[in-house]
Structure formats: C-alpha cells, structure tokens
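Participant: Working from the sequences, and respecting the hints, build out all of it.
Listed in order, the protein sequences are those of chains C and R. Just so we're aligned, residue 1 is where the first sequence starts under my numbering, counting upward by one. Just so we're aligned, residue 1 is where the second sequence starts under my numbering, counting upward by one.
It should be emphasised that the hints constitute simulated quantities derived from the structure, not laboratory data. Treat the hints loosely; a few may be bogus.
Cβ-to-Cβ under 7 Å is the rule here; a few derived chain R residues that face chain C [said to hold, decoys possible]: (1) Val74; (2) Ala75; (3) Gly76; (4) Asp77; (5) Gly211; (6) Arg214.
To list a few chain C residues with every Cβ distance to chain R over 10 Å, as calculated [unchecked claim]: (7) Asp46; (8) Asp103; (9) Val135; (10) Gln151; (11) Glu158; (12) Glu209; (13) Asp214; (14) Ala232; (15) Pro268.
Derived CB-CB ranges, DEER-like [to be verified]: (16) R/Ala15 to C/Ser269: 23 to 31 Å; (17) R/Glu130 to C/Ala199: 53 to 61 Å; (18) R/Val4 to C/Asp21: 38 to 46 Å; (19) R/Asp137 to C/Ile81: 52 to 60 Å; (20) R/Thr210 to C/Ile81: 38 to 46 Å; (21) R/Thr72 to C/Asp79: 34 to 42 Å; (22) R/Ile185 to C/Arg217: 52 to 60 Å; (23) C/His226 to R/Arg142: 51 to 59 Å; (24) R/Thr72 to C/Phe131: 37 to 45 Å.
For each residue, glycine too, the CB sits at the ideal point set by N, CA and C.
What follows is the residue order along each chain.
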Amino acid sequence: MTTPEIDRTRLGALAEPASGDGRGDDVVFDVRDLSVSYSGNVALKDATLQVRENYVTAFIGPSGCGKSTFIRVFNRMNDLIDGARVEGTVLYHDRDLYGDGVDPVEVRRRIGMVFQKPNPFPKSIYDNIAFGPRVLGMKKGLDERVERALQSAALWDEVKDRLKENALGLSGGQQQRLCIARAIAVEPDVILMDEPASALDPISTSRIEDLIHDLKRSYTIVIVTHNMQQAARVADMTAFFSVEVRDDGGRHGVLVEYDRTTKIFTNPSDRRTEDYVTGRFG
Amino acid sequence: MARVEFQHALDTLEAALQDLGTVSLRAVRGALDALESQDVELCDEVIAFDDEIDDRYHRLEKMVAQLLALETPVAGDLRLVLAILHGGIHLERIGDQSVTIAKLTKLSATLQQRAGLVEGLHEMGERAEEMVRVALDSFASRDVARARSLVELDELIDRTNRRVAGQVLEFVDDPASAEWGMRMIVVSRCIERIGDNAVDIGEQTEFVVTGEFREFGDASH
Chain C
1 MTTPEIDRTR LGALAEPASG DGRGDDVVFD VRDLSVSYSG NVALKDATLQ
51 VRENYVTAFI GPSGCGKSTF IRVFNRMNDL IDGARVEGTV LYHDRDLYGD
101 GVDPVEVRRR IGMVFQKPNP FPKSIYDNIA FGPRVLGMKK GLDERVERAL
151 QSAALWDEVK DRLKENALGL SGGQQQRLCI ARAIAVEPDV ILMDEPASAL
201 DPISTSRIED LIHDLKRSYT IVIVTHNMQQ AARVADMTAF FSVEVRDDGG
251 RHGVLVEYDR TTKIFTNPSD RRTEDYVTGR FG
Chain R
1 MARVEFQHAL DTLEAALQDL GTVSLRAVRG ALDALESQDV ELCDEVIAFD
51 DEIDDRYHRL EKMVAQLLAL ETPVAGDLRL VLAILHGGIH LERIGDQSVT
101 IAKLTKLSAT LQQRAGLVEG LHEMGERAEE MVRVALDSFA SRDVARARSL
151 VELDELIDRT NRRVAGQVLE FVDDPASAEW GMRMIVVSRC IERIGDNAVD
201 IGEQTEFVVT GEFREFGDAS H
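Facilitator: This is how it looks when you write it as structure tokens:
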C-alpha cells in the first residue's frame, strides 16, 4: 500500500507534546563521586547522581547496597556515626553540604527525614507537630502551622478532635503520617524517607503513597524502598544500587543505573538492573 | 535462577503463542487450498476452524491477564508478555482473514474464474504463509535481522496486490467474470493483510530484544 506523506509541521496542536508540569527543572542535590565508609570499611563507592526539584527519587537495591547510607548523606545523618567518612562532592542548591560553616542542624531543618518505624514522641499529637517549630523559634501562628502540617499529611480529619491525646495511641499508619506532618511543620525543602511504609499494612501503605504524590508538588522527595512496585508507583526517577565484591573479599555498594522510573521498569540499560527488577537476582 | 515458577509460566505462554501460530497457519493453508481447488467443503471447514483459533487466543489472553495480575512482570519479562499478547492478536486476525478468503471462495465457486489471477493469488498466499512462519521463528529465536527481512517479503505481496485491481479491470466488462473479479480483489486484500500482520509480529521481536518499538517500513499503512 502507498503511504501518504504527512507534513508534521501542519499538524498544529496535534503534533505538540504534552506540556510538562514544570517539576524537575532544577537540581536540588548534585552528588559527584560520593564514597562513604564506616571505620575504614567502604559502604558506598563513587556514586554520582542529581536529584531534581519536586521529583520523587527512589533508591532501590538489595541489602548492603548502600542506599540507606546514601540517603543519610543528604541530611548529614552520617555525621552522628563514629568513624563515618564521606568523600566526594555533595552540592545542595549549588552549595557544598559538607563545606565549612554549614550547620548540620539547619541542614536537617531544610532536609527532613521519615524513618522505617514511626517514631512519634511520647507526647500529644499537637506537641509532636509543634515541637520542631517551637525549638526553631517559629512560635507565631503555631495552631495554624500544626493544622496545615496535619492537613498536608492527610491526617487532620482523623485527629482534629483529639489533638491533646497521646500520639502513641494512633495506629501505625497514622503515626507514620504524623511523622511526615512533623517533618513538614518546619517547612523543609526536601523530605527523605527511609522505607516509610515497610512496617505498615497495605491500606496504610497506599495512603502513604497517595500522600507522596500530593507532597511532590511542594517538596522534593527521596525515598529508599525495598518494595520495587512502590518505587514504580511513586517515583519519577529511580536509582538502582548493587553490591560489588572486591578482590580482597570485601563488599561495598555501587550505583548501577539511574534513570526515569519507566525506563528502569520497562527497559533498563544494565543487565544487573534487569536481573534485580525482574527478580532474577541472586 | 530465581523465580522458577514464573519462568515456567512465561515459557508456557510463549509455547501457547507458537501453538496459536501453528493453528493460524493451518487456516491460511486451508483457505489457499480451497481457493485453488474451489473446494466448498474445505471452505466450510476453514470457517468452522476459526472457533478453534479464537479459543486458543482467548486462553492466551487469559494467561497474560493472570501473569500480569499475579507476577507483575517488569523490564524484559513485561516486554515479552506484552509482545506475546500483541502477537496473539495478529495471529487471531490472520485466522479471520483466512475465514474471509474461505467465505469469498465459497460465494465465488459457481462464478467464472480467470486462471492467471487465481495463480497470482495463490503465489501471493504462499508468500504470506511463509511470512507468518518467518515471523514466528524469528520471534522464538529473538532474531531481529530475520524479523526485519519481513519488510522485503511484504513489499512483494504489496506489489502483487496493487496489480490485482488492474487485472480485474481488464475483464470487468465481461459480466460472467466481473463479480468473481470483484470478490478476488477482496481476497487479495486479505492476503495482503496477512503479510502486514506478519510484519507486525516481526516488530514485536525487535521490541522484546531492544525495548524500542519501531514500525518496520510502512507495512501497516
């Protein structure tokens, strides 16, 4: 059959690609040749990647691949571990995160973190959220700030009538959303999540995932997850880390592939990524 | 290798595609034989046989749905499952084209034929049949170069198809042959579509191997 030649310049709006939503235009973290060791033992070697603004970036990989080590570099949590050594460059909005004069406390205000196990303070729901702002001197309009944080974390409707009750009385899923609200309350720029849903049931997990979708409009999110389908569902970009065995028998984590999540889960470039995401690993 | 059961399910699915290919090819062969011999009984058999093809296609489709739901394949596995579903649809359509050829043959059995045109259609049909075989073999062996060779084979069929209308126009003034000629234009078009379906299956081979979907030439237009 003959094919009519199509002049694409005359297709007008039909030929236009869908317009982007503006997310991902700027770089938040620019990491180059990052290596982390604990007491001389290398945990992660030579990782280079950029985290883009208002993107959800997922770190996946087997145990010991350095993904949690990496995420802790972003808010200098490794500083708290004796013998931890961070090498390479970590720029945060073009500023050296590990440079002289950078205050780790200010870093952690801007770059909040949510952990695997919900860890509310043994205080009231209200005080859990108000704690950070109070410490940081953000005392003006505290009630509104608490409400806003709880609303952003999709918890307000469930707790608005019992703000004075102990936070430990909440369910696991509610406690985790409380921790997210607590991170949001101090107006961070980035939220780091280390396995935020791995201790939760499927319904609470899907609430957290919905929340991540909402939060990415306002925040840049980096999430470590063992659940590959979770990475596939929530992340714009996915980094796959693996374990490399050295000649001396030691092991360390390496960044194998970093790309759009759709690419990682439909057509990864590296065989190791393919083997891991398809479950052929090991 | 991990996921032994999953791999077994993938292998079973791929075998089901090849099996569907085998029965679709049987329908093509039956339709071509009926066309050549004007065997009305054989036409009926080809028409009835389509249920067999449809059943196999629906079984394949169900297997794909189960695999997607239960095993959530990704990356190369996902591409293979999608390509098998896609290939299955094309094989089922090849069965439908064979049915149309059989029905038209049946309708034309009492009409006056032109030997030259019948011969041309048969040759065209054999080429289409060969194309389906190449498509299935190259898919099984993940042979992208062989899958791409389908474009050239398809061009030969397309060229013959374009000539058929001209040949019919030459005897359209003869009322005894005109109706037969009109029906043969549709038969020719059916054979040409079988070739296109084979090219489409070939494109799926490249998709499975490279992860990129590209149309081979303009076969689908």
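Participant: Take the hints in turn and mark each one as holding or not.
Facilitator: Results for each hint:
1. Checking R/Val74 against chain C by beta carbon gives a least distance of about 5 Å; that is within 7 Å, so the hint holds.
2. Because the closest C-beta pair between R/Ala75 and chain C is about 5 Å apart, less than 7 Å, the hint holds.
3. With 7 Å as the threshold, the beta carbon of R/Gly76 comes within range of chain C, its nearest partner Cβ sitting at about 6 Å, so the hint holds.
4. For R/Asp77, the shortest C-beta to C-beta distance to chain C is roughly 5 Å, which falls under 7 Å, so the interface hint holds.
5. For R/Gly211, the interface hint holds, the least distance from its beta-carbon to any beta-carbon of chain C being 3 Å, beneath 7 Å.
6. At a threshold of 7 Å, the smallest CB-CB gap from R/Arg214 to chain C is about 13 Å, leaving the interface hint violated.
7. Even its closest Cβ contact with chain R, about 25 Å, leaves C/Asp46 beyond 10 Å, as expected for a residue assigned away from the interface.
8. With a least CB separation of 42 Å from chain R, C/Asp103 remains clear of the 10 Å interface cut-off, as annotated.
9. At roughly 44 Å, the least C-beta separation between C/Val135 and chain R is larger than 10 Å, which holds for a residue marked as non-interface.
10. Non-interface status of C/Gln151 relative to chain R is upheld: no Cβ of that chain comes within 10 Å, the nearest being about 33 Å off.
11. Interface exclusion of C/Glu158 from chain R stands, the closest Cβ pair being 31 Å apart, more than 10 Å.
12. For C/Glu209, the non-interface assignment is confirmed: its Cβ lies about 15 Å from the closest Cβ of chain R, beyond the 10 Å cut-off.
13. With a least CB separation of 24 Å from chain R, C/Asp214 remains clear of the 10 Å interface cut-off, as annotated.
14. Its beta-carbon lying about 7 Å from the closest one in chain R, C/Ala232 breaks the requirement of being farther than 10 Å from that chain.
15. The beta carbon of C/Pro268 sits about 5 Å from the closest Cβ of chain R, which is not more than 10 Å, so the claim that it is off the interface is violated.
16. Taken as a hint, the range 23 to 31 Å holds for the pair R/Ala15 and C/Ser269, whose Cβ atoms sit roughly 30 Å apart.
17. For the pair R/Glu130 and C/Ala199, the beta carbons lie near 59 Å from each other, so the given range of 53 to 61 Å is met.
18. Separation of R/Val4 from C/Asp21 is about 42 Å and conforms to the stated range, judged on CB atoms against 38 to 46 Å.
19. For R/Asp137 and C/Ile81, the hinted distance range of 52 to 60 Å is satisfied, since their beta carbons lie about 58 Å from each other.
20. Roughly 44 Å separates the CB atoms of R/Thr210 and C/Ile81, a value that falls within the hinted 38 to 46 Å.
21. R/Thr72 and C/Asp79 have their C-beta atoms about 39 Å apart, which keeps the hinted 34 to 42 Å range intact.
22. For R/Ile185 paired with C/Arg217, a C-beta distance near 58 Å keeps the hint of 52 to 60 Å intact.
23. Between C/His226 and R/Arg142 the CB atoms are about 32 Å apart, so this pair departs from the stated range of 51 to 59 Å.
24. About 40 Å separates the C-beta atoms of R/Thr72 and C/Phe131, a value consistent with the hinted range of 37 to 45 Å.
Violated hints, listed in ascending order, are 6, 14, 15, 23; each of the other numbered hints is respected by the structure.
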